[in-house]
Every structure is written in structure tokens, then in C-alpha cells.
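Start from the sequences and build out the full structure, keeping to the hints where you can.
In the order they appear, the protein sequences are chains A and B.
Okay, so the first sequence: first residue is 51 according to the working numbering, each after it adds one.
Okay, so the second sequence: first residue is 56 according to the working numbering, each after it adds one.
Source of the hints: derived by calculation from the structure; they are not laboratory data.
Beta carbons are placed, not taken as given, at the ideal position from N, Cα and C, and that holds for glycine.
Be aware that one or more of the hints could be misleading.
No farther apart than 25 Å at their CA atoms in a straight line, the calculated lysine to aspartate or glutamate pairs in the DMTMM-like style are these [unchecked claim]:
| hint | chain 1 | residue 1 | chain 2 | residue 2 |
| --- | --- | --- | --- | --- |
| 1 | B | Lys223 | A | Glu248 |
| 2 | B | Lys223 | A | Asp191 |
| 3 | B | Lys223 | A | Asp165 |
| 4 | A | Lys98 | B | Asp113 |
| 5 | A | Lys175 | B | Asp115 |
| 6 | A | Lys155 | B | Asp115 |
| 7 | A | Lys175 | B | Asp237 |
| 8 | B | Lys223 | A | Glu264 |
| 9 | A | Lys97 | B | Asp109 |
| 10 | A | Lys244 | B | Glu217 |
| 11 | A | Lys178 | B | Asp237 |
| 12 | B | Lys223 | A | Glu372 |
DEER-style ranges, computed between Cβ atoms [as the list claims (entries may be wrong)]:
| hint | chain 1 | residue 1 | chain 2 | residue 2 | range |
| --- | --- | --- | --- | --- | --- |
| 13 | A | Phe194 | B | Leu386 | 49 to 55 Å |
| 14 | A | Lys126 | B | Ala238 | 39 to 45 Å |
| 15 | B | Val383 | A | Lys98 | 38 to 44 Å |
| 16 | A | Arg323 | B | Asn168 | 54 to 60 Å |
Here are a few chain A residues that sit away from chain B, every Cβ distance over 10 Å (derived from the structure) [as the list claims (entries may be wrong)]:
| hint | residue |
| --- | --- |
| 17 | Gly221 |
| 18 | Glu248 |
| 19 | Lys256 |
| 20 | Val257 |
| 21 | Glu366 |
| 22 | Gln370 |
Chain by chain, the residues run as shown.
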Amino acid sequence: MPHKRTTRLVAALTLGVALTACTGNTPQNTQSGDKGGVKVANDEPGKKVVIGFSAPAADHGWMAAITNAAKAEAGKYSDVELRVVEGTNDVNLQISQVETFINDKVDAIVLLPFDGAALTPVALKAMKAGITVINVDRQFDSPFAARSTVLGDNHGMGVSAGTYICEKLKGRSDAVVAEIAGIDSLPLTQDRSKGFAEALANCGLKVSNRVAAEFTVESGEKAAANLLQAARKIDAIWNHDDDQGVGVTAAIKNSGRSEFFMVGGAGSANVMREIKADNGSHKATVVYPSTQGADGIRLARLAVQGKSLGDLVEVEVPRQVELYAPVVTKENVDRYLPTAFES
Amino acid sequence: MSEDTAVTPTNRPVPVKESQSTVSALLSSAAGRNTGLVVALVLLCLAGVVTAGDRFADVDNVLTILRLAAVIGVVSVGMTFVITGGGIDLSVGAIVALSSVWATTLATQGLANSTHWIVMVFTALAVGGACGLVNGVLIAYGRVVAFIATLASLAAARGLAEIISNRKTQIVNVPGFAAFFDASVLGVPVLVVIFAVVAAAGWVLLNRTTFGRRTFAVGGNPEAARLAGIDVRRHTVLLYTLLGLCCGLAAVMLIARTTTGSATHGGLYELDAIAAVVIGGTLLSGGRGTIAGTVFGVLIFTTLSNVFTLNNLSISAQAVAKGAIIVVAVLLQQRLARRSGV
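Spelled out as C-alpha cells, the structure:
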């Protein structure tokens, strides 16, 4: 168990705090042994911590995995009492859920807001009430609204996917690269696309065809079917999201095309299994950790109990933790499969 | 033809002759229905107290319930008028979104900062009212079935909201606006006060004015209403405009609550509002409506949601409970309607 945790906390993390700028994301492995003692100290039951957890509706696999992973993580600690409320895409309702946590005088709130800006006022209210707020994935628009923030690296996902495709298509400046984006309105989608375009530009490639889906299987099928009609020949496709990827794969099967390879996004278990078996168009996927909520639970517990993050010298929990977006291929898939989500 | 659209109830026309006697029967049965709602709400509160104890009966928790109810409550009061008048509006959530976006554009906020924050309120009301007006005109004069016309508005208004906001969340930086709506009057949050005022005004308008009587007449039997000299088309337009204004006001409240305007605001509010109106005892076919019932309907749903939250209950159980409540309410309604109608 300590090893698994180390993998998640250290290996797959980029710490976006100034004080860790010197360490960066270099400690990839080899650390589980000597730091074990620190972790055990942190795991010792401390004072009881009541944590409220609220996230958007679990309408796709990744989002469902966020809540499930958070629940599982809280279950590991005898000193954590987790209160999970109904996932909702209605900001009005989510605000009232946080208000309920404030009324209950919980010790900490782990919040993945449907809309970061819309939940900022109530998060500020919670912080003013002395509650430790941990912001997950979608950022508030005020630095005072959260004690600490756990983020995935959307721009980095695009960079990782683009860099991988560049390597695979080395020297082919006429290659056709297609992109199937997620919900285009979300800043996260714009960040992913920006990183992707930048990485491709680095090796003289560009996105020839771009379509957008909505993270759902149905929308993925529709977008991919259109894309395959629009482009007669494709060399590589990056699909932002493995949940919609189920639909994308179905559309590709229907078309009978196989001249290209695919790179997924987010990192679902079924795509990783396909990569491992090497029997489909997916040759790689880029991880957007679905364990962010679980990391939020851990940070909340540490912050409330006044403990530090084990592998840092600093005695306080960092302000911001930005997770890394690694490329998963056949070679390293076994490392990421255990924390992948089921879509 | 507005008659045709407004009248889903052709299968169950209210005979003109009996209207007098039905009115009195209505009053008594409406009171009866409200008693049922009060009982349901009391049972829910009991369940809350038993399962969550002090956490439920706390003043702060009651205010949390009321704040949650306020936004959807204002929309539901407006929806009560439209449904009582024999119509339906599926576009309310989209209108809330569009109003919230329009009232928070940089241009509007700039104007609000250089003049007064009330500009944002008027913008939201104007946008909501205009959307309602368009709906009403389409339905009354364009002879488009209400279901279709407002379905079209749903798509168009949300699309327009996305275009205006460029699908981004617009953050409000108008200090006076936030300060006003965050305040409390004698310990009651302003948002809750607004809901109470709207509900009271709605009750007076529906039960104590010519406008209200015409609404019942138009919803009950548009043809008879027309023969009685009521301008059914004009009245239909007014009803939808009124609902649009309510949506604009709800948008203002949502902006205050979230400090943002967004094209994603108000998602599925049409279903929540229609559900609250229907379990409140307003007939979907028109001709009967009760503001008090609607307020109880809203409170029942929000209290339910609160009790589930307090008890840490699963994500899906609440939806099942909501569905069950709606079915029971409609079944009850049908029985009451059969008893008094035939």
C-alpha cells in the first residue's frame, strides 16, 4: 500500500509551488523505501477530521471515478469522516450543499465545483468560517477561496499527446493529424488544444482536422463519424477524452478504417487494456488523474491535522499541487492501470 | 388558434354552465390539496428532524433551504400563471441563462459601474421579459403550439447565451450589486425576501385581480373566455411575458448567488419548475392554479434535497424519491379532477 501511494503522490505529481521549484517532477521512483517512515508517521490516526465532499454529477466515467476514489481514500483512514453529497451540475444546488457543510461546521471541504467562478463566493464564506477548503480540478477565481488546490495539467496533456505523435511521425511533414476535442466551451478543452498545437508546431506538424464532442459516448461517435467523412486519409488522431473515446472507437470500427493510430486522453482502464493488448487503434493515452479528489481528501486531512506533505521539507501543506500528464504506452501501461478509471 | 394551443384540455372541457359551482368546489378542493402538501412538508421536516436532529432544525439550515428554494421558486411562481392559463414553457432555464449572461457582459458591467448596479437588474428583467414576449407572440399570434415554440426558444436562447458569453463564465465585479443581494433584512437573506414578495404578489395577482380571473378563464376554456369578451391572445402574450420577467429576476438572484453569469446557468429549471407547479396542485391542462401550492411544491423538493444531503444519501436515491413524489401528486390530482369534473 505505501508503494502505491508513493507512486501516486510523488511519481505522478508535479508540485506547482515555488518552494518545490528546485525539485520539480524529477523524483519519479526509487523513493518509496527511504521515505516510508515519514509516510507512516502521516498515516498515524490523528484528531478526527470531518470532510465534506461535493462534485458535479457523475455523468461520465472520469467524474464518477473522482467521487469513488475520494470515498475509497477516506475509507482508509479511521480518523476521517467523509460526507459525500449528491453530484450536481446545478450551481445553485451545489452552493446550498456547501452551505450545509458550513452549517454542520465540518473541518474541511473538498470541492470540485461545476463552475469554479460560480462557487467562489460560497467557498470564501467557508474559509471565513474557518473551514479548510481544498479546491479540486476547476479553479476558483479568488486565491482566498481555498487553502490548497489540486489540479490536473490540461495544457500538459496536449503537450504530451503532441510530443508523442511527433515522435511517432518523425520526419513526415505531410502527415495528417486530427483532433477530437471535448466540450469546446470549457477552458480545459482550450488549454488541451493549445498545448497540442504548440507541441505539433515544434516538429513542423499541425492539426489538419479538428472536431469537438461532449465527453459522452454518443457525442464521440457522432464527432468521429463526421471526422472520418471529412478526412480521406489520417495518420494520427488525438482524442481528448477516453469516455467519449468509446464512441470514437465504435465509429472507427464502423468505417473499417485502420490507416492511423490513436492517442487517448484522461486515461480510462479500457483504453489502457487496449493499449496493453495492442489490438486496437489506441497506441497511447495521456493521463488526467481521476484521483484528484482522493488527493484532495489527503491534503484536507493533513492540513486540518497540521501535518506536512511527507516528501517535502516544508512543514505546511502546499498551496497548489499540479498533477503530471504522462503518456501511457504499451511499455509502461502496468504502472498506470491500477489507478485508471472505468468508463 | 391560440385557443387550440392553449387548450390541451379539449378532452376534459369545463362546462360553462357549471363554472360557478366548480369554482366553489375548486376552492374547497384546493384547500384540501394544500392541506395534503402541508402534511407532506411536515412529514419531510419530521423525517429531517428524526434523521438529522439539530442539524436540520437549525436556523442556518432553514435559511439554506430557503436560499436554495428562492431562485427556482421565482421561476415556478411565473410558471404557475402560464400553466394555469393553459400553456407550458420549456424555455425558462435557457431564459435564465441568457438573462444572466446579458446582464453580466463587460459592456453591461461597465455601464453599471459608471452609473448604478441597478442597470444589471433592469438588463436581466428586460432580456427575460423580451424572451417571454417572443414566446407569447409566437404562441398567440404565430399559432405555434406552446410546447414547440418554447422548445425552439430553449435551444435558441441557450445558443445565444453561449454566443454572447463566448461560452465562458462571466465574473461580476460590481461591488454595490453583491453588497445589496448578500445582505439580510432582519436576519432573512435578501434573496429569500425577494422570493416571499414575488410569491405574495403572485398570489394577489392570481386570486384577487381581473388579470387572475381572466387567467383561469383562458386556461379553463379559451373559447368561452373569448365569447365572454376576453382578448385571449393578448392575455396569453401577457402570461408568457410575466414568466419571462420572473426568469429575468431569477437570473439576477442567481448572479448574486454565484457572482457570475453563464450559459450553463438554469440547467433543467424547466423540469424543476413544472414539477413544483404540478405537485402544488395546478392542473397541467390549465384552468386551475394555486400559488400557495407551487410554493409548497418548491419547498417540498428543496427540503427533500436538504434532508438527503444531511443524511449523506446516495446520488441516485434522491432522483427516485423526486420521481415518486411527482407520480403520487399527479395520480392524486387526476382522482380529484375526476371527482369534481364529471
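- Query: So which hints don't hold here, by number, going up?
  - Reply: Result: no hint breaks.
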